[in-house]
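Chains as they are written, first to last, in our numbering: chain A, 1 to 784; chain B, 1 to 218; chain C, 1 to 289; chain D, 1 to 163.
Just so you know, the hints here were simulated from the structure itself, not pulled from any lab data. Quick caveat: nothing in here was measured; it's all calculated off a predicted structure. Just so you know, even glycine gets a beta-carbon here, dropped at the ideal spot from N, CA and C. Please note that the accuracy of each hint is not assured.
[Unchecked claim] For lysine-lysine, the following DSS-like pairs were computed, each having C-alpha atoms within a straight-line distance of at most 25 Å: (1) A:K772 / C:K189; (2) B:K147 / A:K101; (3) C:K189 / A:K645.
[Unchecked claim] FRET-style restraints, in silico, Cβ to Cβ: (4) B:S102 / A:P135: 37 to 47 Å; (5) D:T4 / A:L64: 23 to 33 Å; (6) B:R4 / A:R56: 48 to 58 Å; (7) C:P176 / D:T4: 49 to 59 Å; (8) D:T4 / A:R56: 19 to 29 Å; (9) B:A111 / C:K229: 32 to 42 Å; (10) C:E26 / A:E115: 26 to 36 Å; (11) A:L64 / C:E26: 23 to 33 Å; (12) C:K229 / A:N187: 57 to 67 Å; (13) B:R66 / C:E232: 16 to 26 Å; (14) C:S5 / B:R4: 34 to 44 Å; (15) A:K778 / C:S5: 48 to 58 Å; (16) D:V33 / A:L64: 18 to 28 Å; (17) A:K450 / C:P176: 48 to 58 Å.
One letter stands for each residue in the lines below.
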Amino acid sequence: MIAKTSPEIGGLGHSVKRKEDLRLIQGKGNFVDDVRLAGMVYGQAVRSPFAHARIRSVNVENALALPGVLAVITGKDLEKAGLAWMPTLFHDRQMVLAVDKVLFQSQEVAFVVAEDRYTAADAAELVEVEYEELPVLVDPHRALDPDSPILREDREEKTNHIFHWEVGDREATDRTFQQAEVRAQVNAIFQRCHPAPLETCGCVADYNTGTGRLTLWLTSQAPHAHRTLFAIVGGIPENNIRVISPDIGGGFGNKVPIYPGYVCAVVASLKLGRPVKWIETRSENLQSTGFARDYHMTAEIAAGRDGRVKALRVKTLADHGAFNAAAQPSKFPAGLFSVCTGSYDFQKAFCEVDGVYTNKAPGGIAYRCSFRVTEAAYLIERAMDVLAQELKADPAELRLKNFIPPDRFPYQSPLGWSYDSGNYAAAMNRALEMAGYQELRKEQAAKRAKGELMGIGISSFTEIVGAGPAHTFDIAGIKMFDSCEIRVHPTGKAIARFGTKSQGQGHETAFGQIVAQELGIPVADITVEEGDTDTAPYGLGTYASRSTPTAGAAGAMAARKIRDKAKKIAAFLLEASEEDLEWEPGRFSVKGVPGKSKTIQEIAFAAYTNIPPGLEAGLEAVHYYDPPNLTFPFGTYICVVDIDKGTGETKVRRFIAVDDCGNIINPMIVDGQIHGGLTEGLGIAFMQLISYDESGNVQGGNFMDYLVPTAMETPHWETDKTCTPSPHHPFGAKGVGESPNVGSPAAFVNAVVDALAHLGVKHIDMPLTPWKVWQILKQKGVVD
Amino acid sequence: MAVRIEKTFQVQEPIDQVWKLLSDPRNVAGCVPGARITEAVDERTFKGSVSVKVGPSVTDYKGEVRFERLDAAAHEMELVGKGQDVKGRGSASMKMTGRLRSLPDGGTEVATVAEVNVIGILAQFGGRMINDVSDVMFGEFTKRFQKRLQESAGAVKPAVAPAAGQDPVAPTPAAPVAVETTAPEQPPAEPVNAAAVFFAALRAAIRRFFHRLLGGSA
Amino acid sequence: MIPPSFEYVRPTTISEAIALLEQHGEDAKVLSGGQSLIPMMKLRLARPAWIVDINAIPGLGGIREEGGFLQIGGLVREADIETSELIRTRYPILHDTARVIADPLVRNLATAGGNLAHGDPANDHPATMLALRAEVVAAGPKGERSIAIDDFFVSIFTTALEPAEILTQIRIPIPPTGSGGAYFKLERKVGDFATAGVAAQLTMDANGTCRQVGIGLTNVGPTPIRARKAEEALRGKKLDEAAAGRAAQLAADESQPSSDLRGPEEYKRGLVKELTRRALVRALERARR
Amino acid sequence: MAKTQRVHVKLNGQEREAEIEPRLLLAHFIRDVLGLTGTHLGCDTSNCGACTVILDGRPIKSCTFFAVQADGRELLTIEGMMRDGKLHPLQQGFHEEHGLQCGFCTPGMILSAYALLRGNPSPSEEEIRWGISGNMCRCTGYQNIVKAIQNAAAKMQQEGVAA
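Next comes chain A alone, as it looks inside the complex (with noise of 0.2 Å):
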């Protein structure tokens, strides 16, 4: 366990009270839309109505004759500079603004640029296209099918197919399913989804003629990935692009890819010479920016009577829109997702995804999970349940029957990943006790015989975040290490720089807890700068959980290098060896001898006015981590639920949320990220969901049908911690910001199909609307 310090220093454990809010609840905060600049002007996309459609023509002259436009770019002027298309994050190109064809509906078409946003709104409608309807594929099952669209006439290969990727053993994985005594099987889909965060998505792009630099204001979660995309998209020196991310309103993967807004603003700036604002609107944002999840999956375990799991085989498709714009790293088509035999102790598994090409938007981003983990996690917790019912086992036993046992840490998962350390039935054991869970069984069977419906769901989710070690993870080719930069001032105040950027995850707090851990100087005195492509470090931005495991780290390896800078200036001024000195946290003292000590704050003076001969003048340090392994958090998550029989409303009575996710920078802030995260996985099995109708219409592509939970909807979270540190992290931390996204949408809908166990229900898709529960209790006449 590590050393606390002292509330004043507010290193690791301290609930220190976030540095941001201050700036956020006067108002003074700064988000993209809030960016002013002499001379700005607003640009606004055009954008296509139909889902697949040959464009004919697109006529500009009524929309330029209008007074206050300057410019509308279409997908024919972005060719000639060869800007049409973009690459994705992900092996694939991209439509910036459409030329011969349109592939969904909402796709941009043109953008037009006006002096404020009335009048480009204004002439947005008088910009004419002619289309050509084409037929529409919305059903990723029938993508393959002979008689289906080719949608992407631009690819050598003609066909909707993306990729096949699979992993694991097949043959053995089949042998053990032959002989497999008990089977159990579960088709599920996790329906596509979409993050909204409350900020939409925008940019200020501002190219100076005099300067030849772009300054471009950005909703990103990764400035600097972005600022190299856009040199070797754009053509411009990548000294000559400066990517700020101000203030974020929230990104959970939303905020990772680029988007032909952001394209087309820096377009329209180099060609007006003037500042250009885009900021989406809500239903632009739901309909064309990276959508999450989609996939059909298919798993089966096979077990033996005394439930013992053996096996686990998972077919998966993957509809990825008409673009496979997923961001994740580049040697995993299907992301992470073959975490999927999850905290339990497989011998066999084999797991397959082929992905697909649709007339929706693209995308396949990480809605608040590492990449597709959300989807593995649920899958798996779904079908041990499913199990669990096959043997009549209950759901708890079972998992604590199966999970790894903690002296198996490290632990190699038959799909290759290698666990760093885990306590599973810890984290069960203390959800069950504070859940009451023996009560709750007896109370449900005392419900069930008066007819009434209650549901008791467990979770108990394995999480694999903070990509990642170099050797595996890169993102469109650059390696996903991350990195931190200290300047310890003469006065013994600080600044940290992270080539992260918090969207609301408090690093500004966090991260200046983890200096003050290492380096003593209290957190107040340490101000933490992320997001200033300029200034800050070089990194590969926050999402996937993975800013505490890799930019953490390298803000605690920074801060020992001035440490052990700090520990020589200390011997000279001190006149004693290096070694008979010893640290505590803000000091160097001379072992035994009482009252002999320098402060890391005259440490650091001297470090300006009073250097030791033949030693570097300054007290500043550099880290890029590459972390050996990636961090895996887990937990385990019980919901209660009630259910009214006459309207199918589910009513979650409590939620239990036990999560481990190691050693802990700042408890109010985890308690918060876990609290977010189960609202997102509440709204996921219930409400949010975005579909499409037979036409390739966007259903859910609005706040008034997309849903998401307000105070209303919500219920009181249950939390409480294990902690079971990383033994390959320097301060031994996890990543917390997604596990309660991750683990969560397993125990909703485990809550409510358990309270229609009885009837023979066995799985239900999210999300769990009242109408869906109420047809099932119809079809069985629970209701007349």
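Put chains B, C and D on the given structure of chain A with help from the hints.
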């Protein structure tokens, strides 16, 4: 947002008389208000437009209808219509077939099928609600058609064709939907019966859309 | 989302407002709460050339019992109804209704008058007003007139209001003693329109039989629906579980829902049945107080 | 382009005036014309509440209200919450209870809470959840927002100050 509507009804008039009516636009022009044929491309293809006002909203559509089949011998007709929102925010299309069959009692059975598909912002907000109002609108059309048929029975053909909107047949008081439409003069010689049905379905779609969008508060 | 251009006028008298509406006809729209009109304008589905803002006209507010009626001014906000002591104690059915309309912020602007004048079957007040046998007072070029609620909802999004008429007041006959009512709405989340809603108003006599019954349905047909058969089945009868069940079934039969994102037709009918049952039970409890 | 109109409002205690198009939404008026960017926009269908401001004492969605309608009236935005240089108890509460993460919904959330406490100085958890149900938050799961409002309510009761 595809919808299929079937309507079959019987009239006592003989088949030839009914066919004459069904294939002669002038007599059915008024069956649905607001449809306007602006141009005859050829004897089977016509351009039209409709301006639909629903609650606080106005939507202008430009459309084209074409007789895929007009088989007097078999008493069968099929036409395809398509309209695009002039603001470029979507389209609606319809395939309609009409078939007549003589009845033993000398009367005629009229069987019509309309397949409507709405795309764009209306469908985004309108959900599956297009269905029943399309149904109601189409029902209104057939009701008016029958009424007109009875009038025309044995009656002298009107010297001047009635223009849409100046429909001698008053809208049924219980008109299921009260659509206010601009109803310009109807060029007499151009068939709008099919167009009218098509636009009726179109309006139905829009109507349904507002049913969905508004409400909750005012 | 940016609304199209329009001219804005804010008359200070009813006659001035009516004159403006007559002058601009179809091109003008009345702005009261604006919580349906403005979103439609932002989506550019509504493009009125003139906005006649009636909020500066005095005398359109106020909730009072007078002349045998509960009188609610045309500009009374949903929030005023929700927080009115008079409503909460004497007309709980109206309290039920107001507090489930949209969300608290919208209710600070949205008006009950506008909620009726839109003629939207998804709005909540119409069902309640049908159950309460309310009447609507409209001022127009020909002066003032009163419209029985049964004659008010002509068709989907179409009311009996003439183009130049303004809804100035809602009048609800003060229910006799032994009366009680309730509104039940199922929504997908706070702020959503009803998947289905049911309003029930009862007047019971001393020996427990229904003297007067009103049942209104929300968002299960092209217009707000008054469930007359269900009402008929209860009038003059003892209201026991069986009777409530029969009435609920009749109400479900009288509803004409269509399938949409809120659920299939069958579910909505089932919901009408269940909510009718619940509304009757709650109404009875309140009638007995 | 419709003819512009002169609009006069009292914003956070200051008299402000501008010549604007009637169609200008109050939210854009406050942000783009008067330059106070603490009021945010998060949707186009009046669902999210990020744009909440106080109009004559009542919280409304400023994205669903024309600036011309506010002529001659009083507006309070997040920028007007401080009291003689000190944070309002609600602002303190949100800070102390970790009632915000990305902070985008926070101004609207605080203003809705402000109106809630004016009408009900010691609300129950249920009443608080009800009171903020027109404001969406994607980060906090609302739990700490509820605590923040309880924290402020308690503080204000102690100090005997009204919202």
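Taking the hints in turn, this is what the structure says about them:
For the suggested pair K772 of chain A and K189 of chain C, the alpha carbons sit about 16 Å apart, so the restraint of at most 25 Å is met. Restraint check for K147 of chain B and K101 of chain A: not satisfied, since their Cα atoms lie roughly 47 Å apart, outside the 25 Å limit. The hinted pair formed by K189 of chain C and K645 of chain A meets the criterion: a straight-line CA distance of about 18 Å does not exceed 25 Å. At about 39 Å, the CB distance of S102 of chain B to P135 of chain A agrees with the hint of 37 to 47 Å.
Between T4 of chain D and L64 of chain A, the C-beta spacing of about 24 Å keeps the proposed range 23 to 33 Å intact. Between R4 of chain B and R56 of chain A the Cβ separation comes to about 29 Å, which falls outside the hinted range of 48 to 58 Å. Separation of P176 of chain C from T4 of chain D is about 55 Å and conforms to the stated range, judged on CB atoms against 49 to 59 Å. For T4 of chain D paired with R56 of chain A, a C-beta distance near 40 Å fails the hint of 19 to 29 Å.
Distance hint for A111 of chain B and K229 of chain C: a CB-CB separation of about 33 Å, consistent with the stated range 32 to 42 Å. For E26 of chain C and E115 of chain A, the Cβ-Cβ distance of about 32 Å falls inside the hinted range of 26 to 36 Å, so the restraint holds. Here the CB-CB span from L64 of chain A to E26 of chain C is close to 31 Å, well matched to the stated 23 to 33 Å. Distance hint for K229 of chain C and N187 of chain A: a CB-CB separation of about 44 Å, inconsistent with the stated range 57 to 67 Å.
The hinted window of 16 to 26 Å between R66 of chain B and E232 of chain C is violated, with their beta carbons roughly 51 Å apart. Taking 34 to 44 Å as the suggested C-beta distance range, the pair S5 of chain C and R4 of chain B conforms, at roughly 41 Å. The supplied range of 48 to 58 Å is met by K778 of chain A and S5 of chain C, whose beta-carbon atoms lie about 51 Å from each other. Look at V33 of chain D against L64 of chain A: about 27 Å separates their beta carbons, and that is inside 18 to 28 Å.
A C-beta distance of roughly 39 Å is found between K450 of chain A and P176 of chain C, which places it outside the suggested range of 48 to 58 Å.
Violated hints, in rising order: 2, 6, 8, 12, 13 and 17; the structure is consistent with all others.
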